[in-house]
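Enquirer: First to last, the sequence lines map onto chains A and B.
Counting along the first sequence from 1, when you hit position 192 you're at 387 in my numbering, and nothing is skipped either side.
Counting along the second sequence from 1, when you hit position 371 you're at 387 in my numbering, and nothing is skipped either side.
Incorrect hints may have been included.
Dumping the calculated SDA-like pairs for lysine to any residue here, alpha-carbon to alpha-carbon at most 25 angstroms [what the hints assert, rightly or not]:
hint	chain 1	residue 1	chain 2	residue 2
1	A	K448	B	E404
2	A	K380	A	K483
3	A	K448	B	L316
Hints listed in this document are in silico derivations from the structure and should not be mistaken for laboratory results.
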Amino acid sequence: MTTTTNPDLASESAAPVRGQRWLVSLRALLRNPAHTAGLIIFILFLLIAIFGPMLAPYGVNEQIVEDARQAPSAAHWFGTDRLGRDVFSRVLLGARDIFSLAGLGTLVAVLVGTSLGLLSGYRGGLFDELLMRFFDSLLSLPALLLALLLLGTLGPSRQSVLLVIIVVYIPIVARVVRSVVLSVKTRGYIEAARVQGESSARILFREILPAVLPALAVEAALRFSYAIFLASSLGFLGVGVQPPSPDWGLMVKEARDNVSQTPWALWFPAGAISILVIAVNLLADGLKTLFRVED
Amino acid sequence: MTTHSIFGRALNTALPAILLLGLVLSACGGAAPAEGTLRVAFQPLVQTDPATISSDTEVFVANAVYDYLVDVDPDSNVVPRLATEWDINDDGLTYTFPLAEGVSFHDGSALTAEDVVWTFDRLRDPDNGYPTADLYANITGIEATGELEVTFTLDQTNPFFLYDLSDNHALVMSSDTEDPSDFNGTGPFVVESYSPEDRILLTANDDYFVDGQPQLATVEVIFFSDENAMVDALRGGQVDLVMRMSTPLFESLQGVDGITTYNIPTGGFDLVRLRADREPGNDPRVIQAMKLATDRAAILELVQQGYGAVGNDSPIGPIFDAYHDDGVQAPERDVEAARALLAEAGYEDGLDLTIHVPNSGGRPDLAAVLQDQWADAGINLEISVEPEEVYYGENGWLEVDLGITGWGARPYPQLYLDTMLVSGAVWNESHFSDEEFDALAALAGSTLDDQERIDAYSQIQQLLAERGPVIIPYHFPQFAAIRDGFTGFQLEAFAGRTDVHTIGTE
Chain A
196 MTTTTNPDLA SESAAPVRGQ RWLVSLRALL RNPAHTAGLI IFILFLLIAI FGPMLAPYGV
256 NEQIVEDARQ APSAAHWFGT DRLGRDVFSR VLLGARDIFS LAGLGTLVAV LVGTSLGLLS
316 GYRGGLFDEL LMRFFDSLLS LPALLLALLL LGTLGPSRQS VLLVIIVVYI PIVARVVRSV
376 VLSVKTRGYI EAARVQGESS ARILFREILP AVLPALAVEA ALRFSYAIFL ASSLGFLGVG
436 VQPPSPDWGL MVKEARDNVS QTPWALWFPA GAISILVIAV NLLADGLKTL FRVED
Chain B
17 MTTHSIFGRA LNTALPAILL LGLVLSACGG AAPAEGTLRV AFQPLVQTDP ATISSDTEVF
77 VANAVYDYLV DVDPDSNVVP RLATEWDIND DGLTYTFPLA EGVSFHDGSA LTAEDVVWTF
137 DRLRDPDNGY PTADLYANIT GIEATGELEV TFTLDQTNPF FLYDLSDNHA LVMSSDTEDP
197 SDFNGTGPFV VESYSPEDRI LLTANDDYFV DGQPQLATVE VIFFSDENAM VDALRGGQVD
257 LVMRMSTPLF ESLQGVDGIT TYNIPTGGFD LVRLRADREP GNDPRVIQAM KLATDRAAIL
317 ELVQQGYGAV GNDSPIGPIF DAYHDDGVQA PERDVEAARA LLAEAGYEDG LDLTIHVPNS
377 GGRPDLAAVL QDQWADAGIN LEISVEPEEV YYGENGWLEV DLGITGWGAR PYPQLYLDTM
437 LVSGAVWNES HFSDEEFDAL AALAGSTLDD QERIDAYSQI QQLLAERGPV IIPYHFPQFA
497 AIRDGFTGFQ LEAFAGRTDV HTIGTE
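Input sequences plus hints: build the corresponding full structure.
Expert: This is the structure in structure tokens:
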């Protein structure tokens with residue numbers, strides 16, 4: 196692999212090699228201010244998720260009796276909630292929760308969904324037919340309804356929410372991947388690979404998968420933003436992550452009962468959800484534009 | 017179009033005239049006619065058979081439509097209702113109640129002693145499976161000893177028998193009742209119309225046997241499934257009275273023009289209990305350490321926002337004036353002492369436990385606060401918040417080691433002891449078994465000597481503070497808010513038992 200240390204070289208090169216293409220893409224992405232903002236905010240939230248425990252001035256469940264129900268101040272930037280907990284610390288620490296839930300859920304859903312989509316699209320036949328009809332039946336239910344049905348049987352917990360995200364998003368990812376596979380598999384170079392006697396696995400992962408990647412990247416980003424929504428909605432409905440965890444959706448739910456007293460305990464987690472979702476959507480939008488340009 | 021507007025105008029002029037006529041007619045009826053409407057916001061009605069009611073709404077409506085034999089006033093005194101007085105014979109086993117004269121059911125039939133006998137026989141028959149069967153198991157016979165006189169015979173003395181007769185379910189029904197949900201009571205209000213999930217409209221019973229009651233012409237109980245909506249409706253003037261609401265909502269009504277708020281302590285409480293019959297709770301030092309690690313003042317401030325009262329780890333709370341012993345206090349918080357006790361008990365490296373919590377009221381908050389407080393003493397809690405139907409379902413709450421349970425207000429403290437703490441009691445969730453406690457509880461529950469009972473309760477509080485399996489950090493408050501313009505509102509600890517027939521308009 197060629198060196199990628201010199202970005203100028205990469206951008207000026209007429210036919211950039213693999214590693215350098217990422218930098219070109221990044222530049223194209225940064226050309227649009229909205230996409231840039233999305234990227235920056237996303238990275239910021241990611242850093243908060245990673246370093247949150249080091250940044251938070253108070254413990255996640257630390258209660259300061261004399262400061263209970265205080266408005267935002269220098270001591271408590273986002274105020275304190277009904278139990279005297281620092282809202283700023285809880286929002287920071289909740290970032291890890293949402294990333295681990297929505298992020299891990301999306302990751303697993305994308306991995307499994309992609310594999311199934313590749314296999315289904317490439318092999319076709321009865322397997323494809325059965326799998327797709329099964330996924331159709333899952334997709335015919337609204338995501339939230341399906342989630343509530345699942346949680347009703349599993350009982351509310353972190354693991355259940357994770358499982359719900361995975362189950363709800365596998366069919367969607369698989370469908371997207373499959374549709375790309377269907378359009379790619381008739382192309383000449385795939386024919387050629389087959390004629391050369393390459394194994395199915397090799398054709399799937401070396402020839403078809405790269406063609407699927409652009410669509411997959413956009414889909415993964417979109418899924419991630421929906422997963423944040425789903426996890427927060429479930430927390431808000433009280434069937435997801437359980438108290439006293441600093442899940443943003445749950446924080447909104449709990450603060451809702453006290454909204455007349457401590458509205459700030461509602462504003463900040465709700466704001467965090469919106470900002471992260473918007474950022475991820477902008478990012479997905481940027482990726483979409485990027486790949487369209489590349490095509 | 018024109019016909020419409022003509023009709024509209026005709027109605028507009030006719031309506032006040034009709035209303036005026038109605039007023040004049042009703043004014044001619046008798047002395048001091050009932051007037052005014054009270055609109056009450058409540059959870060929807062589910063049960064309408066008095067034997068199976070339980071929620072505030074159900075009891076509130078039943079208390080307006082039916083009558084109790086005897087009633088309990090807001091100061092916990094037993095007062096006459098259908099019975100004009102009572103006579104207890106010397107051995108304390110026979111109670112005789114003369115009934116008020118001229119009482120009739122809403123269908124017109126007269127009340128007789130047979131109706132009272134029928135009502136209580138129905139409630140106490142174990143075959144009927146009503147929750148009152150246990151409560152009345154001590155009754156050996158109920159007889160109509162006259163057209164308007166009933167006599168109850170007991171197996172053993174029970175100083176609280178009159179309170180038992182005023183149990184929420186003990187509403188006197190007609191012995192001819194075929195459908196127990198037919199609202200055919202003798203009470204101050206008659207059911208005019210009932211639309212399930214919407215509202216129930218009650219109108220004054222003009223033939224009510226108590227002079228001057230009811231004072232209101234109509235009571236409209238409007239159903240809401242959401243507390244926020246109830247309070248919004250109160251603010252907006254769509255309802256006049258809201259009872260039982262969350263602390264933040266109650267706080268939000270303070271100082272609002274035209275609304276008066278009420279806040280009284282109750283006997284109800286949240287209970288943290290550790291199973292006493294197996295590890296780690298079979299070593300009393302563990303629950304002692306938990307008590308020492310608990311900061312009750314902070315809990316009252318955080319979980320209840322300062323409303324209600326601090327508990328002393330016994331269910332005999334401050335509301336039971338005669339029996340609560342102010343001298344018995346739960347220990348002050350002492351984290352070091354808690355650690356030392358834990359170490360003595362063999363947990364020098366700390367103790368990891370899961371606390372099971374129903375997802376209702378302030379219980380998840382209480383768990384979160386305990387998690388924070390107990391961690392200082394090395395007791396590390398994993399919180400398992402469960403929907404109420406899971407927590408109480410299949411008696412799971414009686415099995416878990418560490419749990420938080422809500423106990424509602426009861427009219428007298430013996431009920432808590434007999435169902436919660438006596439060896440083998442039906443809801444002995446902590447599996448507590450202590451001979452001395454059992455003897456004291458049995459004495460308090462049977463003696464007719466008031467001083468002896470007061471002493472026994474005092475010793476029970478002492479005993480529970482020293483080695484009881486429960487932590488009772490606070491007793492709940494009861495809230496209510498009513499719009500100005502009404503008189504005679506007296507909030508009860510169990511909000512549903514608040515009398516509506518004493519409420520009038522200014």
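Enquirer: All hints, please: hold or fail.
Expert: Going down the list of hints, with the structure as the test:
1. Taking the CA atoms of K448/A and E404/B, the gap is near 18 angstroms; set against the 25 angstroms cutoff, the hint holds.
2. For the given pair, K380/A sits about 22 angstroms from K483/A by alpha-carbon distance, which is consistent with the 25 angstroms threshold.
3. Straight-line distance between C-alpha atoms of K448/A and L316/B comes to about 22 angstroms, which keeps the hinted pair within the 25 angstroms bound.
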